[in-house]
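A.B. asks: No gaps in the numbering here: position 146 of the sequence shown is 146 in the UniProt record's numbering, and each next residue is one more.
Just so you know, the hints here were simulated from the structure itself, not pulled from any lab data.
It cannot be assumed that every hint is accurate.
What the hints assert, rightly or not - Computed list of lysine to any residue pairs in SDA-like fashion (alpha-carbon distance at most 20 Å, straight line):
(1) Lys-126 - Ile-137
(2) Lys-151 - Ala-93
(3) Lys-151 - Ser-78
(4) Lys-126 - Thr-32
(5) Lys-126 - Tyr-103
(6) Lys-126 - Pro-42
(7) Lys-126 - Trp-45
(8) Lys-126 - Ile-67
(9) Lys-126 - Tyr-40
(10) Lys-81 - Leu-161
(11) Lys-155 - Ile-144
(12) Lys-151 - Leu-161
(13) Lys-81 - Ala-91
(14) Lys-81 - Ile-98
(15) Lys-126 - Gln-41
(16) Lys-155 - Arg-77
(17) Lys-155 - Val-75
(18) Lys-151 - Cys-140
(19) Lys-126 - Asn-114
(20) Lys-126 - Glu-33
(21) Lys-155 - Tyr-40
(22) Lys-126 - Val-75
(23) Lys-126 - Ile-144
(24) Lys-126 - Ala-106
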Amino acid sequence: EGEEDVKVGANRYGEGQPIGTAAQTQHGKDYTEPPPAPLYQPGEWSSWSFYRAGIAEFVATFLFLYITVLTLMGVARSRTKCSTVGIQGIAWAFGGMIFVLVYCTAGISGGHINPAVTFGLLLARKLTLTRAVLYMIMQCLGAICGAGVVKAFQKSPYEILGGGANTVST
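Using the sequences and the hints given, assemble the complete structure.
C.D. replies: As C-alpha cells, then:
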C-alpha cells in the first residue's frame with residue numbers, strides 16, 4: 001500500500017475531479033438530483049395545493065411580523081431593563097418565530113417567509129414562476145397585514161415608537 005501512495009501521490013483523487021454541482025453528473029452517486037422546475041406549469045392554477053401554499057406563506061409572514069413588531073414595541077416602551085425581555089428576548093423572538101414558522105410551513109410551501117428566499121429559489125429553478133409570484137405577493141400582503149393589525153390595535157404606541165423601528169443615536 002505504501003508504494004501505491006507514492007505512485008498515486010498524497011491525494012488519491014485526480015487533479016481534475018469536479019466539485020460542487022459539477023460532481024453531481026458523475027456516475028455512481030447515491031442520490032438523484034430533482035430536475036429543475038419548469039417556468040410555467042398549466043395545471044398549477046387548478047390545484048388546491050397551489051393556493052394552500054400561498055395561504056401558508058401569508059399566515060407565516062403575518063404571524064412573524066405581528067409577533068416581532070409587538071416584541072420590539074414592548075421593549076421600546078418599557079421604562080427599565082428588568083421589566084421586559086430586553087435585547088436577548090428580541091433575538092429569541094425573531095429566531096424562535098422563524099424556527100417555528102418554517103417548521104410548520106415547510107411541508108406545505110417550503111417555509112420561505114421572505115420574498116428574497118423565494119426569488120433565490122426561483123433563480124435556482126426550484127419553483128415555477130407562477131408559484132414564486134404567488135408566494136411573493138402573499139408574503140408582502142402578510143407583512144403589510146401583520147404590521148397593520150399591530151397598528152390598528154395599538155395605534156398610539158405604534159406611532160410614538162415608530163412601529164418598533166430602531167434609530168441610530170447621535
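A.B. asks: Hint by hint, say whether it matches the structure.
C.D. replies: So, going through the hints one by one against the coordinates:
no. : hint              : verdict
1   : Lys-126 - Ile-137 : holds (18 Å)
2   : Lys-151 - Ala-93  : holds (19 Å)
3   : Lys-151 - Ser-78  : holds (18 Å)
4   : Lys-126 - Thr-32  : holds (15 Å)
5   : Lys-126 - Tyr-103 : holds (19 Å)
6   : Lys-126 - Pro-42  : holds (17 Å)
7   : Lys-126 - Trp-45  : holds (18 Å)
8   : Lys-126 - Ile-67  : violated (29 Å)
9   : Lys-126 - Tyr-40  : holds (12 Å)
10  : Lys-81 - Leu-161  : holds (17 Å)
11  : Lys-155 - Ile-144 : holds (15 Å)
12  : Lys-151 - Leu-161 : holds (11 Å)
13  : Lys-81 - Ala-91   : holds (15 Å)
14  : Lys-81 - Ile-98   : violated (25 Å)
15  : Lys-126 - Gln-41  : holds (13 Å)
16  : Lys-155 - Arg-77  : holds (13 Å)
17  : Lys-155 - Val-75  : holds (16 Å)
18  : Lys-151 - Cys-140 : holds (16 Å)
19  : Lys-126 - Asn-114 : holds (15 Å)
20  : Lys-126 - Glu-33  : holds (11 Å)
21  : Lys-155 - Tyr-40  : violated (43 Å)
22  : Lys-126 - Val-75  : violated (39 Å)
23  : Lys-126 - Ile-144 : violated (26 Å)
24  : Lys-126 - Ala-106 : holds (14 Å)
The structure shown violates the earlier hints numbered 8, 14, 21, 22 and 23.
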